[in-house]
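Take the sequences, apply the hints, and build the full model.
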Amino acid sequence: MSNVVKLTSNSIDCQAEELELWERTQDCGAVVSFKGIARPTTKQGEPLDFLVLQAHPSMTLKSMQKITHSANERFDVKHCQVVHRHGSIAPNETIVFVAVSSDHRREAFQAADYIMDRLKSEAVFWKREEGAFGRRWIEPTNRDTTDLARWSD
Amino acid sequence: MTTILFFGKISDVIGSQITYKFSDSSLNVGQLRSQLSTIHECPELNDLTIRVSVNDELVAETDMVKPIDTIAFLSPFSGG
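Chains V and X, in that order, give the protein sequences. Sequential numbering from 65 applies to the first sequence in our numbering. Sequential numbering from 3 applies to the second sequence in our numbering.
It should be emphasised that the hints constitute simulated quantities derived from the structure, not laboratory data. Heads up, a few of these hints could be off.
[Stated by the list, open to error] Straight-line alpha carbon distances no greater than 27 Å define the calculated DSSO-like cross-link-like pairs of lysine-lysine that follow:
| id | chain 1 | residue 1 | chain 2 | residue 2 |
| --- | --- | --- | --- | --- |
| 1 | V | Lys126 | X | Lys68 |
| 2 | X | Lys11 | X | Lys68 |
| 3 | V | Lys70 | V | Lys130 |
| 4 | X | Lys11 | V | Lys70 |
| 5 | V | Lys126 | X | Lys11 |
| 6 | X | Lys11 | V | Lys107 |
| 7 | V | Lys99 | V | Lys126 |
| 8 | V | Lys126 | V | Lys70 |
| 9 | V | Lys99 | V | Lys70 |
| 10 | X | Lys68 | X | Lys23 |
| 11 | V | Lys99 | V | Lys130 |
| 12 | V | Lys130 | X | Lys11 |
| 13 | X | Lys11 | X | Lys23 |
[Unchecked claim] So the derived label-pair ranges between C-beta atoms look like this:
| id | chain 1 | residue 1 | chain 2 | residue 2 | range |
| --- | --- | --- | --- | --- | --- |
| 14 | V | His133 | X | Asp65 | 22 to 30 Å |
| 15 | X | Ser27 | V | Ser75 | 42 to 50 Å |
| 16 | X | Thr5 | V | Arg207 | 33 to 41 Å |
| 17 | X | Lys23 | V | Arg103 | 42 to 50 Å |
| 18 | X | Phe24 | V | Thr210 | 42 to 50 Å |
Just so it is clear, CB atoms sit at the ideal spot from N, CA and C, and this is done for glycine as well.
Have a look at this one:
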């Protein structure tokens with residue numbers, strides 16, 4: 065089992081990240097990867113200049129590591145690669161990359177889904193939208209909460 | 003002087019960090035919150051949805067803080 069969890073202010077090179085996972089995944093039969101992308105508009109339909117993700121200097125990475133470790137414990141997966149941006153993110157740029165490898169596909173799909181649901185509501189980030197409308201802090205949506213509840217025991 | 007950090011929406015109101023001089027040797031989180039709110043004329047700080055971390059751990063209002071601690075006020079997390 066190995067986890068690589070990164071927090072970066074730079075662009076995420078998803079191919080390089082997947083390759084990094086692949087290099088330690090030769091013993092697996094399935095790889096599932098996901099990337100989350102900044103949408104060009106707000107929920108209200110306004111054009112977005114930037115999505116800004118504020119991170120805590122130490123708690124944010126710890127929260128990501130905890131979520132990823134929890135996926136390892138919950139599902140029979142071997143390797144996880146989780147990379148998250150912080151700072152100013154332009155529309156269509158990648159915010160988050162998650163890849164999971166396992167012996168069989170079901171566990172990899174479930175673990176990637178689980179990691180994303182928890183990142184979306186529990187990871188230590190503060191997110192705001194910026195555009196011609198000004199700046200607006202955003203909080204987890206009802207859907208995020210509902211998605212997270214799927215994993216409650 | 004102790005540097006106290008602020009994250010999320012509350013940082014728009016009070017700033018991303020302030021320095022604070024402890025006048026009491028023992029102070030709990032609730033008392034610190036109340037003092038900062040008064041000193042900086044920031045009633046928003048009394049919103050208990052703004053959690054406090056001490057040395058990277060979320061703490062309760064009754065937990066004690068010391069000048070050497072790393073203290074942060076955290077608006078509700080947005081998630082990633």
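How the hints compare with the structure:
| no. | hint | result |
| --- | --- | --- |
| 1 | V/Lys126 <-> X/Lys68 | holds, 23 Å |
| 2 | X/Lys11 <-> X/Lys68 | holds, 25 Å |
| 3 | V/Lys70 <-> V/Lys130 | holds, 12 Å |
| 4 | X/Lys11 <-> V/Lys70 | holds, 25 Å |
| 5 | V/Lys126 <-> X/Lys11 | holds, 21 Å |
| 6 | X/Lys11 <-> V/Lys107 | holds, 19 Å |
| 7 | V/Lys99 <-> V/Lys126 | holds, 20 Å |
| 8 | V/Lys126 <-> V/Lys70 | holds, 10 Å |
| 9 | V/Lys99 <-> V/Lys70 | holds, 14 Å |
| 10 | X/Lys68 <-> X/Lys23 | holds, 11 Å |
| 11 | V/Lys99 <-> V/Lys130 | holds, 20 Å |
| 12 | V/Lys130 <-> X/Lys11 | holds, 25 Å |
| 13 | X/Lys11 <-> X/Lys23 | holds, 24 Å |
| 14 | V/His133 <-> X/Asp65: 22 to 30 Å | holds, 26 Å |
| 15 | X/Ser27 <-> V/Ser75: 42 to 50 Å | holds, 48 Å |
| 16 | X/Thr5 <-> V/Arg207: 33 to 41 Å | holds, 37 Å |
| 17 | X/Lys23 <-> V/Arg103: 42 to 50 Å | holds, 45 Å |
| 18 | X/Phe24 <-> V/Thr210: 42 to 50 Å | holds, 43 Å |
In this structure, every one of the numbered hints holds.
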